[in-house]
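Novice: Guided by the hints, dock chain B onto chain V, whose structure is given.
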Amino acid sequence: MKFRKVAALFLAGAMCAATVAGCGKDSGSSSTSGGESGTGSGEEEEITATITVWSPAEDQSIDNGEWLQTMCEQFSAEHPNWNLTFKYGTCSEADAGKTVSSDPSASADVYMFSNDQIQTLIDAGAIAEFGGSALETIKENNSDVMVNSVTVDGGVYGVPYTGNTWFMFYNKDIFSEDDVKNLDTMLEKGKVAFKLTDSWYIGSFYFGNGCTAFGDGTDEAAGIDLTGDKAVEVTEYLVDLAANPNFVNDADQAGITGFNDGTVGAFFSGTWDYSNITLDADKIGVVACPTYTLNGEEKQMYAFAGSKAIGVNPNCEYPQVAVALALYLGSDEAQISHYEARGIIPCNLTAVEDEKIAADEMAIAQNDTTARTSVMQPLCSKMSNWWTPAENMGKAIIAGEVTKDNAAEKTEEFNEGANNGVVQ
Amino acid sequence: MKKMSKSARIGKKTSNVFVHILLGVLAFIWILPILFIIMVSFKSDPGLQVRTLLPDVILQKVKLSHPDMFANVTRGFIPTLDNYKKLFTDTTNVFNFPQMFLNTLIISIFTCIISAFFVLSVSYVMSRMRFKMRKPFMNVALILGMFPGFMSMIAVYYILKSIGLTEGAMIRVALVMVYSGGSGLSFYIAKGFFDTIPKSIDEAAYIDGATRWQVFTRITIPLSKPIIVYTVLQSFMAPWLDFIFAKVICRANKDYFTVSVGLWNMLEKEYIYSWFNCFAAGAVCISIPIIILFMVMQKFYREGVAGAVKG
Chain V
132 MKFRKVAALF
142 LAGAMCAATV
152 AGCGKDSGSS
162 STSGGESGTG
172 SGEEEEITAT
182 ITVWSPAEDQ
192 SIDNGEWLQT
202 MCEQFSAEHP
212 NWNLTFKYGT
222 CSEADAGKTV
232 SSDPSASADV
242 YMFSNDQIQT
252 LIDAGAIAEF
262 GGSALETIKE
272 NNSDVMVNSV
282 TVDGGVYGVP
292 YTGNTWFMFY
302 NKDIFSEDDV
312 KNLDTMLEKG
322 KVAFKLTDSW
332 YIGSFYFGNG
342 CTAFGDGTDE
352 AAGIDLTGDK
362 AVEVTEYLVD
372 LAANPNFVND
382 ADQAGITGFN
392 DGTVGAFFSG
402 TWDYSNITLD
412 ADKIGVVACP
422 TYTLNGEEKQ
432 MYAFAGSKAI
442 GVNPNCEYPQ
452 VAVALALYLG
462 SDEAQISHYE
472 ARGIIPCNLT
482 AVEDEKIAAD
492 EMAIAQNDTT
502 ARTSVMQPLC
512 SKMSNWWTPA
522 ENMGKAIIAG
532 EVTKDNAAEK
542 TEEFNEGANN
552 GVVQ
Chain B
6 MKKMSKSARI
16 GKKTSNVFVH
26 ILLGVLAFIW
36 ILPILFIIMV
46 SFKSDPGLQV
56 RTLLPDVILQ
66 KVKLSHPDMF
76 ANVTRGFIPT
86 LDNYKKLFTD
96 TTNVFNFPQM
106 FLNTLIISIF
116 TCIISAFFVL
126 SVSYVMSRMR
136 FKMRKPFMNV
146 ALILGMFPGF
156 MSMIAVYYIL
166 KSIGLTEGAM
176 IRVALVMVYS
186 GGSGLSFYIA
196 KGFFDTIPKS
206 IDEAAYIDGA
216 TRWQVFTRIT
226 IPLSKPIIVY
236 TVLQSFMAPW
246 LDFIFAKVIC
256 RANKDYFTVS
266 VGLWNMLEKE
276 YIYSWFNCFA
286 AGAVCISIPI
296 IILFMVMQKF
306 YREGVAGAVK
316 G
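As they're listed, the protein sequences go chains V and B.
At position 408 of the first sequence (counting the first as 1) the number is 539 in our numbering, and the numbers step up by one without a gap.
At position 240 of the second sequence (counting the first as 1) the number is 245 in our numbering, and the numbers step up by one without a gap.
Quick caveat, the hints were computed from the structure, so don't treat them as lab data.
Treat the hints loosely; a few may be bogus.
As the list claims (entries may be wrong) - In silico negatives: residues of chain B with every beta carbon more than 10 Å from chain V:
1. VAL178
2. GLN219
3. TYR235
4. LEU246
5. VAL289
6. GLN303
What the hints assert, rightly or not - List of simulated lysine to any residue pairs, SDA-like, C-alpha gap at most 20 Å:
7. LYS91/B x THR409/V
8. LYS535/V x ASN523/V
9. LYS229/V x GLU172/B
10. LYS91/B x ASN407/V
11. LYS90/B x ILE193/V
12. LYS229/V x LEU272/B
13. LYS218/V x GLY173/B
14. LYS274/B x ASN380/V
15. LYS274/B x MET493/V
To be verified - Not everything, but these chain V residues come out facing chain B in the computed CB check (under 8 Å):
16. TRP185
17. ALA188
18. ASP404
Cβ atoms here follow ideal geometry from the backbone N, Cα and C, with glycine treated the same way.
With the rest of the complex left out, here is chain V (with noise of 0.2 Å):
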């Protein structure tokens, strides 16, 4: 009897979440069309409507000059015949994957996102395809590298407006300039940090010896070639750095703390830990990777790239003005602007030859990365194996697991969990 009462509350239960999940999906889900439809701005309709723009918190702080609320009111003034009210709210590139895609209905409806997010955004319906005007626009304004960066199955899925990678940071007093063209040099000069154990920097090694991820990182079939002696001279390599008494494992932030106080001469991060570089800016010096040697052969470190794009929420009311928006926030003036903000570099063609740009140091060492010492961080969605297996290598190369005498055997355990998923 008690038993009876008991299933049946549960069942009653059920039934209630079963209806609220229902609707859940159905108000999730609506209409994915829509915002394909580039922009003419020749004959605008009158439009009044509320556009919610998500960005970091940095865009729209009172300190930072309030560089996305300027750049919405000179939108908005540039079009008289629509009547825009902006409803900001902050989500960083990093999250926004998670965070629009949780409840893309509700969401923003122009959002800044970094291009490794966009597989989870497509899955979830919550990020349009540019098409028209709009597409021709960002192929006009782009490099090929960028455009392909927020390109999947051939379509563009974002206004990119910034580089998202590393280089290298180092201290003038310590290297020369011809010191950083290679790493092995470096490493008899003076302390070296490099972020061994993060599985966003360790392939870097891989990379310059002739191991691929997919390919040119677009072919899915291709997967993550890290077989052969290729391969296993990197380990081999890895191994003796990490024994090298000047080389330094970037965990927990020791590179940027010991470059502060001076204990380490270089240490390898992006545009975001400039600001917290407390050395002279004279001091400072920003380059693209450096190479290292490998059995008696320079080879180059070459880091994933990436990009942080605008993107446009599907869901949106009027996606003739989400697209426009998201087109203005990634145009040159845009990007030149939150460069003066922020700091954050342009990828724009036109603001890249900004005088006050091509003088910017790490600006060139951004640029210079991207064209040059890098491979695009592939989007695809067995991508998402690569990283514990890669920072499980890190960590057991670190951990003295890993020896020349084991060096075949772990790389073939990296090469099958990177491309099967098998963590071990």
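Specialist: Frame of chain V; chain B shown alone:
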């Protein structure tokens, strides 16, 4: 008292010393993380790296006499209040901590009042009244209590969204509802306490013409101060420390972030270097209201039901 022989006294002393040393070591291990966070909140160098927590004066002396020691540490620990200052004054940049603090305080106070009332009412009913569904309800409550609350977070989010509580200032209302709505289920401890208050007191009151509500407010509540303190503390701390529901419901609405969501954001790649010390300072700050609440209510712990029933 009987006099102990000399050897027995020595034996007792040694075992006491041993027990105290063991307890001392365990206490130190237990308190170390808390001490660490407090020290970090006074750290002057930014970043995640904690090279040393040795005070600077001692470190410099050690370095003078043993130059090889602490080779890669240039400065010792110099305490500063800047992290706290930054936390509460740097409101125009990325994090508006005072706003988050206020949000959390508002939510917690309302939740505390509502859910303490719910818990005490349900406990009273379960303890004093007899009705058909009483036993089954208690079983269901026990089983439901075994599931983690965040299991329902997505469902809760969509329900709140469908009634328009996930936008703007309504987020605060939504969070108060989420935290206090199900709190009545955790009645077991308070019910157990109410069971120990003799029914004869209630009956005496009924004979004098009291209603159930009067018995509850005039007799049961004054006699159960320790359990009320416990309930109030619990219902204040649940929303004060919760992260999951706040994160799911606040999403990108920065103005309504609670402290835990804000602290979590401070650990993101872009902010961790300049905000890690403030994160520690924030962690210390959020314990202050709980400590105040506890200190105010502590004295009620001692007053029990002693002397309530005469003859």
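Novice: For every hint, state whether the structure bears it out.
Specialist: Status of each hint after checking the structure:
no. : hint                : in the structure
1   : VAL178              : holds (17 Å)
2   : GLN219              : holds (33 Å)
3   : TYR235              : holds (29 Å)
4   : LEU246              : holds (22 Å)
5   : VAL289              : holds (21 Å)
6   : GLN303              : holds (39 Å)
7   : LYS91/B x THR409/V  : holds (18 Å)
8   : LYS535/V x ASN523/V : holds (17 Å)
9   : LYS229/V x GLU172/B : holds (19 Å)
10  : LYS91/B x ASN407/V  : holds (16 Å)
11  : LYS90/B x ILE193/V  : holds (18 Å)
12  : LYS229/V x LEU272/B : holds (17 Å)
13  : LYS218/V x GLY173/B : holds (11 Å)
14  : LYS274/B x ASN380/V : holds (18 Å)
15  : LYS274/B x MET493/V : holds (19 Å)
16  : TRP185              : holds (5 Å)
17  : ALA188              : holds (4 Å)
18  : ASP404              : holds (7 Å)
Hint compliance for this structure: no hint is broken.
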